[in-house]
Amino acid sequence: MVPNIDLMVLALIHGSFVSCALLVVTLVILISLLLATFFLLLLIVVVDFYETLSFISFYFATAKSSMELVFVVILLSLMALALKLFAAGEGFAVKLKLKLKLKLQQQQLMRGNK
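Numbers 1 to 114, taken from my numbering, label the letters of the sequence shown in order.
No wet-lab data here; the hints were simulated from the structure. No residue lacks a Cβ here, since even glycine has one placed at the ideal position from N, Cα and C. Just to be clear, a hint being listed does not mean it is correct.
In silico lysine to any residue, SDA-like type, Cα no more than 20 angstroms apart, as pairs [stated by the list, open to error]: (1) K101 / L85; (2) K99 / R111; (3) K64 / L53; (4) K84 / L96; (5) K64 / D48; (6) K95 / L85; (7) K99 / A88; (8) K84 / S66; (9) K64 / L83; (10) K101 / R111; (11) K64 / A80; (12) K97 / A87; (13) K103 / A88; (14) K97 / F86; (15) K103 / F86; (16) K99 / L83; (17) K97 / N113; (18) K99 / G89; (19) K99 / A87; (20) K103 / A87; (21) K95 / Q106; (22) K97 / L109; (23) K97 / Q108; (24) K64 / S54; (25) K84 / V72; (26) K84 / I74; (27) K84 / K99; (28) K64 / K84; (29) K101 / N113; (30) K97 / Q107; (31) K101 / K84; (32) K64 / L75; (33) K103 / G91; (34) K101 / G91; (35) K95 / R111; (36) K101 / L83.
The calculated label-pair distances, taken between Cβ atoms and stated as ranges, are [what the hints assert, rightly or not]: (37) V72 / L100: 37 to 43 angstroms; (38) L30 / F55: 38 to 44 angstroms; (39) L100 / A80: 29 to 35 angstroms; (40) F55 / F86: 54 to 60 angstroms.
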């Protein structure tokens, strides 16, 4: 038999463990570098896209403020229309109230005559 085979097997297992640990560390570093490169390239694309289309964003901001102004004008015109309708309906409600009072008085007079 081979002398000191147990020490050789122990050295082989220890070397395998160390090489496996170094391989895992190397893979983690490689993956982190790849992710960092990907995020950096993505950031560069986003910044270039924003700088390229920044003049269009000015027009979008202008259009947004114009739409807000249109919404406010429509809302104010609807409020004015609602106030006119309410004012017109208030006269109708008063007339209806007077008619109901008159009918009630007439019914009370008719009951009083019986």
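Here's how the hints hold up against the structure:
1. Restraint check for K101 and L85: not satisfied, since their Cα atoms lie roughly 24 angstroms apart, outside the 20 angstroms limit.
2. For a cut-off of 20 angstroms, the pair hint linking K99 to R111 stands: about 18 angstroms separates their Cα positions.
3. Simply put, K64 and L53 have alpha-carbon atoms about 17 angstroms apart, close enough for the 20 angstroms limit, and the pair holds.
4. About 19 angstroms separates the Cα atoms of K84 and L96, which keeps this hinted pair within 20 angstroms; it holds.
5. The suggested pairing of K64 with D48 is violated, with an alpha-carbon distance near 24 angstroms, which exceeds 20 angstroms.
6. Taken as a hint, the K95 and L85 pair is honoured in the structure, with Cα atoms around 16 angstroms apart against an allowance of 20 angstroms.
7. Under the criterion of a C-alpha separation no larger than 20 angstroms, the hint pairing K99 with A88 is consistent with the structure, at around 17 angstroms.
8. Distance check on the hinted pair: K84 and S66 sit about 27 angstroms apart at the alpha-carbon level, beyond 20 angstroms; violated.
9. For the hint linking K64 to L83, the alpha-carbon distance of about 29 angstroms lies beyond 20 angstroms, and the restraint is violated.
10. With a C-alpha separation of about 15 angstroms, the suggested pair K101 and R111 falls inside the 20 angstroms cut-off, and the hint holds.
11. Between K64 and A80 the alpha-carbon distance is near 25 angstroms, which puts this suggested pair outside the 20 angstroms criterion.
12. Of the pairs offered as hints, the one joining K97 and A87 holds, with about 16 angstroms between alpha carbons and a cut-off of 20 angstroms not exceeded.
13. Of the supplied pair hints, the one linking K103 and A88 is violated, its CA atoms being roughly 23 angstroms apart against a limit of 20 angstroms.
14. A hinted pair counts as satisfied when its Cα atoms are at most 20 angstroms apart, and K97 with F86 qualifies at roughly 16 angstroms.
15. Among the hinted pairs, K103 with F86 is inconsistent with the structure: their alpha-carbon atoms are about 25 angstroms apart, more than 20 angstroms.
16. With a C-alpha separation of about 24 angstroms, the suggested pair K99 and L83 falls outside the 20 angstroms cut-off, and the hint is violated.
17. Simply put, K97 and N113 have alpha-carbon atoms about 24 angstroms apart, too far for the 20 angstroms limit, and the pair is violated.
18. Taking the CA atoms of K99 and G89, the gap is about 15 angstroms. The hint holds against a cut of 20 angstroms.
19. Proposed proximity of K99 and A87 is supported: the alpha carbons are some 19 angstroms apart, at most 20 angstroms.
20. As the CA atoms of K103 and A87 are separated by approximately 25 angstroms, the hinted pair breaks the 20 angstroms bound.
21. Between K95 and Q106, the direct Cα distance comes to roughly 16 angstroms. Compliance with the 20 angstroms bound is thereby established for this hinted pair.
22. This hinted pair checks out: K97 and L109 have alpha carbons roughly 18 angstroms apart, not beyond 20 angstroms.
23. Distance restraint check for K97 and Q108: the Cα-Cα separation of roughly 16 angstroms lies within the 20 angstroms cut-off, and the hinted pair is therefore satisfied.
24. A C-alpha spacing of about 15 angstroms is found between K64 and S54, which places the hinted pair at or below 20 angstroms, so the restraint holds.
25. Restraint check for K84 and V72: satisfied, since their Cα atoms lie roughly 18 angstroms apart, inside the 20 angstroms limit.
26. Taken as a hint, the K84 and I74 pair is honoured in the structure, with Cα atoms around 15 angstroms apart against an allowance of 20 angstroms.
27. Annotation: proposed proximity of K84 to K99 is violated, straight-line Cα distance about 23 angstroms (limit 20 angstroms).
28. Between K64 and K84 the alpha-carbon distance is near 30 angstroms, which puts this suggested pair outside the 20 angstroms criterion.
29. Straight-line distance between C-alpha atoms of K101 and N113 comes to about 18 angstroms, which keeps the hinted pair within the 20 angstroms bound.
30. Restraint check for K97 and Q107: the C-alpha separation of about 15 angstroms stays at or below 20 angstroms, so the hint holds.
31. At most 20 angstroms may separate the alpha-carbon atoms for a hinted pair to count; K101 and K84 exceed this at roughly 26 angstroms.
32. The hinted pair formed by K64 and L75 meets the criterion: a straight-line CA distance of about 16 angstroms does not exceed 20 angstroms.
33. At roughly 18 angstroms between alpha-carbon atoms, K103 and G91 fall within 20 angstroms of each other, so this suggested pair holds.
34. Between K101 and G91 the alpha-carbon distance is near 15 angstroms, which keeps this suggested pair within the 20 angstroms criterion.
35. In summary, the hint linking K95 to R111 is not supported, as the alpha carbons are separated by about 24 angstroms, beyond the 20 angstroms threshold.
36. Proximity of K101 to L83 is assessed by CA-CA distance (about 27 angstroms); at most 20 angstroms being required, the pair is judged violated.
37. Under the hint 37 to 43 angstroms, the C-beta atoms of V72 and L100, about 41 angstroms apart, fit the expected range.
38. For the pair L30 and F55, the beta carbons lie near 41 angstroms from each other, so the given range of 38 to 44 angstroms is met.
39. A beta carbon spacing of about 31 angstroms between L100 and A80 agrees with the range 29 to 35 angstroms that was offered as a hint.
40. With their beta carbons about 47 angstroms apart, F55 and F86 fall outside the hinted range of 54 to 60 angstroms.
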